[in-house]
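Start from the sequences and build out the full structure, keeping to the hints where you can.
First to last, the protein sequences are chains A and B.
Numbering follows the working numbering, in which position 82 of the first sequence is assigned residue number 82; successive positions increment by one, without gaps.
Numbering follows the working numbering, in which position 11 of the second sequence is assigned residue number 11; successive positions increment by one, without gaps.
Calculated directly from the structure, the hints in this document are not laboratory data.
The C-beta atom is built at its ideal place from N, Cα and C for all residues, glycine as well.
The reader is advised that the hints may include incorrect statements.
[Stated by the list, open to error] To list a few chain A residues with every Cβ distance to chain B over 10 Å, as calculated:
1. Ala1
2. Ala5
3. Glu15
4. Thr24
5. Leu44
6. Asp54
7. Glu64
8. Lys77
[To be verified] Selected chain A positions facing chain B (Cβ under 7 Å, derived; list incomplete):
9. Val13
10. Gly29
11. Tyr32
12. Tyr39
13. Lys49
14. Tyr50
15. Ile51
16. Arg110
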Amino acid sequence: AQSVAQPEDQVNVAEGNPLTVKCTYSVSGNPYLFWYVQYPNRGLQFLLKYITGDNLVKGSYGFEAEFNKSQTSFHLKKPSALVSDSALYFCAVRDMGHASGGSYIPTFGRGTSLIVHP
Amino acid sequence: DAGVIQSPRHEVTEMGQEVTLRCKPISGHNSLFWYRQTMMRGLELLIYFNNNVPIDDSGMPEDRFSAKMPNASFSTLKIQPSEPRDSAVYFCASSLGAGALSYNEQFFGPGTRLTVL
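Here it is as structure tokens:
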């Protein structure tokens, strides 16, 4: 089975400060990990993904995420937040191997609302 | 590319009526997903198609919901009869590839906001 947790419903940060949105996962094998962003009244948009290789993944809009296998985490980060980053952020996980009980379909977290204050 | 296209964008109907939501995936994508999003339950996967074949429909709430994909460029989600608790935003998403080797991201449509009175 595969699962993902976003422990914070909401994250508040001041513009210009660094931001972190947390994500932890559980898979039987190795994970594929994704971050998506949803702006109001829009569909989800892909930000970045981890497949293999370098643990630090860089994505769109200056976001990056660090894969930590020992802590089973994939936290989303940005060095300097913008008011326009305010949105709903989703983490998703897919087990790499179906044989290990994983699914071909990613499992999404419940989302974290990021609010960046001017 | 126009991205994933969904219609209508908004639908208001009365309880008991039939509702049909439509989706056109990105050309060349062979996986299609229908999701429902509400404040209470978050984002829920309803059904997943691969190469026009329904692979996993375990998320379909009940027999009132049905989905079809008659060809690679079109899918429908039908609710009959509709109920107020079906009110939600329904998203369609597509991706390239499937199976053990697929690690491609999903592309989401703008969603259909359904209100059942």
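Structure-based check of all given hints:
At roughly 13 Å from the closest C-beta of chain B, the C-beta of A:Ala1 stays outside 10 Å, upholding its exclusion from the interface. For A:Ala5, the condition that its CB be more than 10 Å from all CB atoms of chain B holds, with the nearest at approximately 12 Å. Listed as a non-interface residue, A:Glu15 keeps its Cβ farther than 10 Å from every Cβ of chain B; the least gap is roughly 27 Å. Every CB of chain B lies more than 10 Å from the CB of A:Thr24, the least distance being 17 Å, so the non-interface label holds.
Its closest Cβ contact with chain B, about 4 Å, brings A:Leu44 to no more than 10 Å, contrary to its assignment away from the interface. For A:Asp54, the requirement that its beta carbon stay farther than 10 Å from each beta carbon of chain B is met, with the minimum near 15 Å. Against the 10 Å criterion, A:Glu64 stays outside the reach of chain B, whose nearest CB is about 16 Å from its own CB. At the 10 Å boundary, the C-beta of A:Lys77 stays outside the reach of chain B, the nearest C-beta of that chain being 19 Å off.
About 22 Å separates the beta-carbon of A:Val13 from the nearest beta-carbon of chain B, more than 7 Å, and the hint is not met. The closest approach between the C-beta of A:Gly29 and any C-beta of chain B is roughly 10 Å, which is over the 7 Å cut-off, so the hint fails. With a least beta-carbon distance of about 5 Å to chain B, the hint placing A:Tyr32 at the interface is held under the 7 Å criterion. Proximity of A:Tyr39 to chain B is violated relative to the hint, the smallest CB-CB distance being about 11 Å (cut-off 7 Å).
Contact between A:Lys49 and chain B, as hinted, is supported at the beta carbon level, the nearest pair being about 6 Å apart and thus within 7 Å. At a threshold of 7 Å, the smallest CB-CB gap from A:Tyr50 to chain B is about 9 Å, leaving the interface hint violated. At a threshold of 7 Å, the smallest CB-CB gap from A:Ile51 to chain B is about 5 Å, leaving the interface hint in force. Using the Cβ-Cβ criterion of 7 Å, the hint placing A:Arg110 at the interface with chain B is satisfied: the shortest such distance is roughly 4 Å.
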